[in-house]
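J.: Here the protein sequences line up with chains C and Y, keeping their order. Here the first sequence stands for residues 1 to 490, where the numbers follow full-length UniProt numbering. Here the second sequence stands for residues 1 to 490, where the numbers follow full-length UniProt numbering.
Treat the hints as calculated values from the structure; they're not laboratory data. Hints are not guaranteed to be accurate.
Intra- or inter-copy, both count: the list cannot distinguish identical chains.
Pairs of lysine to aspartate or glutamate, DMTMM-like flavour, derived with a Cα cap of 20 Å [stated by the list, open to error]: (1) K174 to D219; (2) K233 to D374; (3) K412 to E439; (4) K172 to D219; (5) K174 to D51; (6) K489 to E435; (7) K334 to E39; (8) K241 to E313; (9) K259 to D105; (10) K53 to E135; (11) K408 to D487; (12) K489 to D406; (13) K236 to D312; (14) K489 to D436; (15) K271 to D319; (16) K50 to E435; (17) K412 to D487; (18) K259 to E478; (19) K172 to D406; (20) K248 to E313.
Residue-level listing of the chains:
There are 2 protein chains.
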Amino acid sequence: MKAFARVIFQYYLLFVLVFLQNVSTSPHKIPRLSPYNKEELSSVSAEDAKDLKTYYYRQTVDHFNLAPQSYATFNQKYVVNSKHWAGPNSNSPIFAYFGAEAPLDVDFSAIGFLSQNAPRFKSLSLYIEHRFYGESIPFGTMEDAMKNETTRGYFSSAQAIADYAEIVLHVKNKFSAHNSPVIVVGGSYGGMLASWFRLKYPHIAVGALASSAPILYFDNITPPSAYYSLVAKDFKEVSHKCYETIRKSWSEIDRIASKNGGLSTLSRRFKTCSSLKSREELKNYLDGMYTSAAQYNAPPEYPVTVVCKGIDEAPRGSDVIGRIFAGVASRRGKRSCYNMTASRTQTSVGWRWQTCSELVIPIGIANDTMFEADPYDLAEYIKGCKQLYGLSPRPHWITTYYGGHDIKLVLKRFGSNIIFSNGLRDPYSTGGVLEDLSESILAVTTRNGSHCLDILVAKDSDPEWLVMQRKTEVKIIEGWLATYYADLKS
Amino acid sequence: MKAFARVIFQYYLLFVLVFLQNVSTSPHKIPRLSPYNKEELSSVSAEDAKDLKTYYYRQTVDHFNLAPQSYATFNQKYVVNSKHWAGPNSNSPIFAYFGAEAPLDVDFSAIGFLSQNAPRFKSLSLYIEHRFYGESIPFGTMEDAMKNETTRGYFSSAQAIADYAEIVLHVKNKFSAHNSPVIVVGGSYGGMLASWFRLKYPHIAVGALASSAPILYFDNITPPSAYYSLVAKDFKEVSHKCYETIRKSWSEIDRIASKNGGLSTLSRRFKTCSSLKSREELKNYLDGMYTSAAQYNAPPEYPVTVVCKGIDEAPRGSDVIGRIFAGVASRRGKRSCYNMTASRTQTSVGWRWQTCSELVIPIGIANDTMFEADPYDLAEYIKGCKQLYGLSPRPHWITTYYGGHDIKLVLKRFGSNIIFSNGLRDPYSTGGVLEDLSESILAVTTRNGSHCLDILVAKDSDPEWLVMQRKTEVKIIEGWLATYYADLKS
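With the sequences and hints as input, model every part of the structure.
T.: Okay, structure coming up:
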């Protein structure tokens with residue numbers, strides 16, 4: 001490369017990085033759809049490392065195209081635990097966990113549903129990593145794969161579930177489990193994949209547990225304001241005072257930031273590890289803290305309660321900023337400083353692409369919450385994605401391929417064996433299936449639950465309603481399996 | 001291009017053409033899966049040309065990939081007849097016919113099911129052309145598109161049904177038919193597409209009529225010998241003598257061909273328009289005549305009967321060759337000469353690609369028929385396709401994506417509203433669904449029927465069993481619609 005060209009290229013890269021940074025912290029961000037918050041992994045591990053075996057499947061890059069380049073392959077990671085499995089030709093079930101927008105590395109310790117039910121079902125546990133995350137990246141590193149507009153084109157949900165189809169068939173074959181029924185399990189985005197998989201590949205999975213899967217948060221089936229309105233409601237229910245403090249805080253941040261040296265003041269008052277580059281950096285940090293507290297509002301701590309406790313019980317005489325900071329300290333713990341710089345991870349990079357290509361989840365903020373109003377604007381969203389990737393997203397593709405509109409009318413008499421589980425305090429539950437669609441496409445909800453609790457590791461401290469939710473799900477799945485075995489015999 | 005390179009390129013093209021010719025006439029050819037035989041179109045036209053309106057939809061080249069080149073578009077043809085439609089917002093149904101491996105140009109005159117039932121259902125009739133056929137070819141002409149290994153990669157069934165999904169949604173929108181139930185109809189390969197569409201896109205089609213769709217002729221679900229064995233059985237049932245004459249003819253052709261000037265003798269005796277280039281040319285012509293007579297063995301003529309009448313009633317003293325020729329003359333009519341050179345059409349070019357990429361239909365010939373034995377050899381088949389296209393076919397992809405194995409176990413409790421219709425004399429019925437899979441996934445068969453008769457134009461001369469078959473199908477569809485409207489109201 002000539003020197004000049006190199007400079008231009010580096011400048012371009014810098015521009016892209018800065019731009020990505022801005023976009024990743026824009027108020028239009030779509031909260032991640034991971035089943036759990038990695039920063040708060042349970043100390044209890046679901047799977048014992050010594051029982052796990054890791055494999056790599058030679059996966060086809062493009063299942064739907066038949067040109068030579070589509071025949072390229074990459075190594076896709078999957079992990080098996082056969083400790084409790086009844087063995088080959090036993091017809092014992094396989095539970096397959098579908099990875100979401102993150103490396104698989106800790107899923108098997110965080111997701112308890114498979115391992116904790118394996119003794120009961122004598123089942124094989126299978127965890128599969130999603131393409132373009134973790135070790136399952138075609139075309140080199142994530143950076144390599146994502147900066148090339150051709151290679152990142154293979155990063156789509158339809159390709160991902162076709163990957164899962166091939167691996168499940170491969171594993172059934174490898175373990176001589178031809179007649180073993182397969183139950184697919186996923187949480188959040190992985191839950192969408194699980195339910196879509198049961199609908200698209202009924203010949204491979206006999207049923208699906210789709211935990212906290214907002215499959216209706218597309219194409220305006222769910223109102224764009226629903227997510228943030230539920231976050232706000234969660235806070236209001238815990239403490240009206242807390243809600244009001246947060247509501248007032250945004251203009252207070254603006255007031256200080258617009259003063260001379262205002263950002264320094266805010267940096268000092270929030271003990272940021274590095275100086276704030278903009279007021280948006282702070283606002284996005286707080287926004288993320290509130291939404292993630294609501295989404296992952298798990299017992300026994302209940303993060304929304306933790307945040308509000310900090311805010312409400314701030315030292316007497318605290319001003320609004322002091323109270324909000326106390327909320328941060330309560331949630332994050334006492335620290336010498338707080339890192340508010342958005343970090344670049346595989347998940348942030350991958351999820352930005354997925355939501356800017358096909359997973360167009362319209363999330364905006366109405367003007368009656370504790371957040372600053374920010375109505376959803378599809379045209380603006382498209383513009384942003386175009387600037388990032390040079391391509392318009394396909395906002396109608398998800399509903400074209402998977403459906404979603406009039407779901408009750410469609411699935412009342414089509415399909416079977418799906419559990420849509422939701423915790424009704426989870427803001428993403430607003431895009432979930434909250435009522436039974438048929439006799440075997442069922443909604444299992446908990447009033448006080450949050451995101452994906454049912455599939456996480458069960459703990460002694462779990463409340464009764466969560467224990468019951470899991471029991472209900474196990475009972476339903478046992479029913480599917482009993483029917484399957486009866487059909488198999490006849 | 002430099003002169004030398006041009007010569008090499010021309011030589012290469014010549015080689016490819018010669019090779020294609022050989023393959024297209026190899027005994028391992030897969031009989032076309034068109035709903036009707038274009039050479040024998042009924043004189044009655046289903047649709048009145050003046051009622052038809054042709055449109056072109058700007059279709060996405062690649063639905064499953066998100067790279068810039070996938071966003072390329074092409075014009076896809078569809079044709080609408082709204083003469084009998086009850087109009088916008090009437091909730092009257094749409095019947096959508098899915099084109100198969102041929103131009104759409106005469107489908108609307110040959111396919112009667114839509115037009116002839118339109119007055120009864122007050123339905124809109126929609127005919128959609130399959131990508132890469134007729135006028136719906138991305139990237140220029142068929143020749144252009146097929147000689148480029150990248151562009152022909154977009155030629156797959158999953159892309160085709162995604163096209164249909166987009167066009168059906170587009171038409172519903174265009175005609176303000178949001179709540180209109182859609183029934184998809186297809187014959188042969190188009191019937192496979194219709195049944196797969198109902199399974200993959202239940203949110204777009206409320207039901208499917210899949211006529212003569214051998215969805216089980218993949219991955220050895222159906223034994224490879226089934227097709228030819230049924231052709232032979234059809235002939236034997238019509239005339240044992242005819243069957244025996246055909247059985248003996250192959251070695252007789254070999255005996256003459258191996259003599260000095262034998263090919264000239266055969267050319268003269270069969271009155272070929274141009275001299276036979278090989279004995280295979282003749283054998284393939286005869287093979288094609290027998291299989292197509294059996295496949296399209298329609299009333300009132302019944303081509304198998306016509307062929308056998310010629311063979312059996314050949315002038316007294318005719319030898320085997322004379323009798324076979326009399327069969328040809330009886331079937332093709334008296335002519336000054338018979339063209340036995342395989343012709344190159346869009347269908348032959350496209351179907352060869354489709355069967356050499358994903359539609360790997362294993363057809364061989366057992367040693368107990370009237371044909372020369374020719375067991376199916378997948379490895380050899382793969383080798384042939386590799387030589388043609390430089391790529392291995394994907395013989396397991398169809399069953400991975402659409403299923404097929406253990407179909408009763410899978411669909412007994414999944415899905416609804418599909419009619420699999422078959423005429424049991426059609427050799428492709430051996431790969432069809434011949435028994436009910438559930439209460440609404442139904443098999444409608446006729447003992448004496450052949451390929452796709454139910455969806456072709458109804459004629460006064462049609463036998464009672466064919467009239468009844470169509471009535472049964474209409475009744476079933478009326479039931480689906482009644483249920484749909486009841487669900488819509490509630």
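J.: Against this structure, judge whether each hint is valid.
T.: Okay, the hints, checked on the actual structure:
1. K174 to D219: So K174 and D219 pass the 20 Å test across copies only (18 Å; inside, 40 Å).
2. K233 to D374: For K233 and D374, the Cα distance is within 20 Å only inside one copy (17 Å; across copies 72 Å).
3. K412 to E439: both (8 Å within a copy, 15 Å between copies)
4. K172 to D219: Result: close only across copies, 17 Å inter versus 36 Å intra.
5. K174 to D51: within (18 Å within a copy, 57 Å between copies)
6. K489 to E435: Between copies, since 18 Å is at most 20 Å while 33 Å is not.
7. K334 to E39: Within one copy only: 16 Å inside a chain, 84 Å across chains, cut-off 20 Å.
8. K241 to E313: Answer is within; shortest intra-copy Cα gap is 10 Å, inter-copy 101 Å.
9. K259 to D105: neither (46 Å within a copy, 72 Å between copies)
10. K53 to E135: Close inside one copy (15 Å), not across copies (52 Å); limit 20 Å.
11. K408 to D487: between (27 Å within a copy, 9 Å between copies)
12. K489 to D406: Between copies, since 13 Å is at most 20 Å while 36 Å is not.
13. K236 to D312: within (12 Å within a copy, 91 Å between copies)
14. K489 to D436: For K489 and D436, the Cα distance is within 20 Å only across copies (18 Å; inside one copy 29 Å).
15. K271 to D319: Within one copy only: 16 Å inside, 104 Å across.
16. K50 to E435: neither (40 Å within a copy, 49 Å between copies)
17. K412 to D487: between (22 Å within a copy, 9 Å between copies)
18. K259 to E478: Result: close neither inside a copy nor across copies, 63 Å intra and 72 Å inter.
19. K172 to D406: Between copies only: 15 Å across chains, 35 Å inside a chain, cut-off 20 Å.
20. K248 to E313: Within one copy, since 17 Å is at most 20 Å while 100 Å is not.
When held up to the earlier numbered hints, the structure conflicts with 9, 16 and 18 and fits the remainder.
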